[in-house]
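**Q** So the chains spell out like this:
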Amino acid sequence: MTSIEFRKDLFADERDDTLKEIGKPTIRQDILGHVTGRTAYYDDHLFDGMLHMRAVRSPHHHAQIRAIDLAAAERMPGVRRVATAKDVPNNLNTLLSLINFGRDDEPLCSHDKVRFKGETVAWVIADTERQARDACAAIRVDYSVLPHVLDVEEALAPNAPVVNEIYPNNSFDYHAKYDHQKLRFGDVNAAFAQADHVIEAEYQMSPIEQAPIETCGAIAAPETNDRFVCHTNTQALFFSLGTTAKLLDIASSRLHFIGGTAGGGFGGKVDSIVEPTAVLGAMLTGRPVKFAWDRAEEMQVGAPRGGERWRLKDGVMNDGRIVAREFTGFFDSGAYMRLSPYAIIKGTGHLPGPYSIPNIASNVYCVVTNRTPATAMRGFGITAVDFAIECQMDRVAEAVGMNPVELRILNAYRDGDMKAHRRSAKNTALIECCQVAAAKAGWSLSPDAAAQSSRQGGGVGERAAIPETVTDEEGRIGDRRAGRAATTAPSRSPTGRVPAGQQGVAVGGAPVQNPDMQIDADRIGHRMGAGMPVPPAAAPPTAAPQSVVRPSVPAATPAPPQPVAPPAASPPPPPTTSSPAAAEPPYKPAQPFSRGVKRPGTSPFTSGFRRR
Amino acid sequence: MLSVETFPSMAEAGQALGDRARYLAGGTLVMRAVTYGDQSFERIVRARQVDRAIGNDAAGLRIGAGATMADVLASGDLAFLHPVAQTIGGPAIRNMATVGGNLFAANPYGDFAVALLALNAQAVMANGQVQPVETLLAGRERPSGLVTAITLPRVDAGSFRYRKISRVKPKGVSLMSIAVNLMRGEVRVVFGNMGPRALRAPAAERALANGLNDASIAAACAACLEGLQPTDDPLATEWYRREVAPVHLARLLNDGGVR
Amino acid sequence: MAKTPVTFTLNDAEAALFVDPGAPLIDVLRRGAGDLTPKHGCGQGTCGACTVLIDGVPHLACLTLAETVEGRRIDTTGGLAGGPDLHPLQQAFMEGFAAQCGFCTSGMLMAAKALLDANPNPTREEAIEAISGNLCRCTGYEPIVDAILTAAARVQGRAAS
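Protein chains in written order, with this note's numbering: chain A, 1354 to 1965; chain B, 194 to 452; chain C, 5 to 165.
Partner residues aside, some chain B positions facing chain A, computed with beta carbon under 10 Å:
#: 1; residue: Met194
#: 2; residue: Leu195
#: 3; residue: Thr228
#: 4; residue: Gly230
#: 5; residue: Gln232
#: 6; residue: Pro427
Derived from the structure by calculation, the hints contain no laboratory data.
It should be emphasised that the depicted structure is a prediction, and the values quoted were computed from it without experimental measurement.
Think of the CB as a built atom: it goes at the ideal place given N, C-alpha and C, for glycine as much as any other residue.
Full structure from sequences and hints, please.
**A** This is how it looks when you write it as structure tokens:
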């Protein structure tokens, strides 16, 4: 059995040695089921008369759908139902609308055009899987092929084809203002000017498929009391339930989701596609229906960890101190957003990695391309940039002629250091990690590096302070497509300054789509940071949700603190006359968020009662 | 609508083959196609009695087309082919996949066919005709009947070398496979996954015709891409394949190592 | 649809079923015979999650035409334990954390059983080769190989090397 080594010499006072389970080998509680084969995965539930549902998929990266001919398929043996976008009651969604993030951008079944190879254009439900496959092969789709774009930087060019009309600039809009997520801390350009070395490099990570041994799938069946039971291997049971209710426009109380057992997931089973599809099949046929991806579909349409490209620029002194670090990052979201814009906010909060660097600037783009939509995978939002950062650290060590582990110890953050997202670091421990790893690897360290501690030397003077920060207004929504944004890198000519010591203010996302979605600080049991703005009271529910008038500015939702540059203390420069896009109103959904019930005067949350 | 037709013998099954039919041997290719809804056939033809005998007589070696990779590994007469069969799948695949079926395995499979082509094997058809494996591979897209056995000329010890290049350890599909037969007068250099089927590298064969030495190895490696048609696929790009083919051929010729 | 009758022995019990033309053994075992222990992972012979023993040697149930098992003996993980007692492989997998999500475990166990039945005293390399057709995405292969060697050693009445 693999052994775990506990280093009692490190941080001994932070650990309670009276723990009964932690640190001791234990037998997994579910493993008896695994070794006897009794663990019940979603497909281990047998239903009499279960039908099989298969999707017809686009062979093109980008194409207009002119016509779909279902006639031959409908006449084939065993076929119970052929379905298209017309059968989906509310055929537009974005996954994170359930937490009030992003805008609806993705159909469950495409109807006007396909935006990635493998996108669903129709379904067949038949007695056997083979009959469903044969009927899928008999469906004729008339496509008009469109030019496609598969590279993130090509997609941002002014002449690139528009992939998804919801994002006319092929990028996600951040804070209703910029086509990228900004992070500014100090003044990188001033620091680059004083650095002994400036080291620039580009790093790229290709998409990675999670490849669970069990592919994504679900079985849905009509249940008593006009409900549908759904056995699924989702990693996000209530996301899948809420998404199903929204897409199929039924009350969530009519959905009985059973999950919790997945044959591997790794992030690839959160996208909630197979569940609404299977429940739709059960609704249309009144029979148990299984919808599962085969291995080829899992690889082709199962959302991977998206590809990322990062450019790093470091200003370094001869002694190895990194005085400035600049990032330009591109996330390939694929044709739809799913979780990518959120991953960028998370990744930006992680910058500049576990190092204390006094000047940081970052622009990160969430780009829409004609690739398979990306989604979560282990270390979501962090993995590729950490790969870039650590490669860059080795490059810096080489440039200044330093032991790469000592370079990391020299620049490592320490307890009390101010991070670029304006929170103090604690329990840092990178220095100790480096020391132990070097010892294990037989890598020699200087006595000075070996004597360092993450608990000493941090949190004093400049290390603990938020510096005066320069800001800029480059990269407003629409500027790039109009040819007004020359570069994707952080600005070389700042236009504003934020005094030292200024904490950021939380910036809300889009206004809540339904007053019920307003997060009420005193209800969530989560301690909000001091100085966080108190949200305004939610607008009262109205009789007709469709007519809710939303505030024209983002509500100050107490969202997680976001590492966006604080508003300039000095008045921002007047927008140039060539920048009309700056006035673009914030996103509003076409219709209010609904979990199904549209009867006037009723709460959309019929599945529970609300405690106030 | 799928149907399965079972015949007593391979000869009868061979006669029943025809339009929209596939012969089921070990099942590793045909059943995959069935499960994935291949629309190019609807009749599965099989035989109850299959020839999986492995024989050795004065004329050479004979392998029944129904012999599995496990059968090959169990045969002392085929010891020189053990390193080839050993690289094909895990134990379960080797208990199923047949020598005959491997002749029809598209990229990235078909490593055994690479070896058979290098050995100048002949395919015995159900109708009694015999054709070189080279001819069979070149025409395998068109139905040409059922292969019932393979015959091989004798091979001197040490003349046959094989190497499979895979990115997954211990077992993965081949990015490229190379089989070399160094019998004087019959030198063959064959690459798998460097074109639509196993292909000979004629310039490399000419370079090695007069024996194996540093100069001939260098000349063979320099010329080995002639006649090959590598393409991009998810395992590797055409560029990568062209770059590494001479490297792997050199390793094979220099160390004789089989892995 | 014309169905074909098939009879075989499944874990010591007789099974007699009618199968669809072209149906793979995995579907017949799972949906017909109700033995849910072989898992469907790829349908193309890549993952090994459906590994079963036919007449004692490992086969992939997803690539086996169901009607070809007429009269043959099939063993699955469902029959591995002897009544309430776990097979030594099951015990070693359980204690050695040789499963995380568990989806590959049935196939791993059958591949390992075939190895130990034929070779009760395998080397580490032989154990690695025996599961070379079985993919695991969670735990890594080391604990699985360790568990196979541990089980072999216990059956032989010695400590695992």
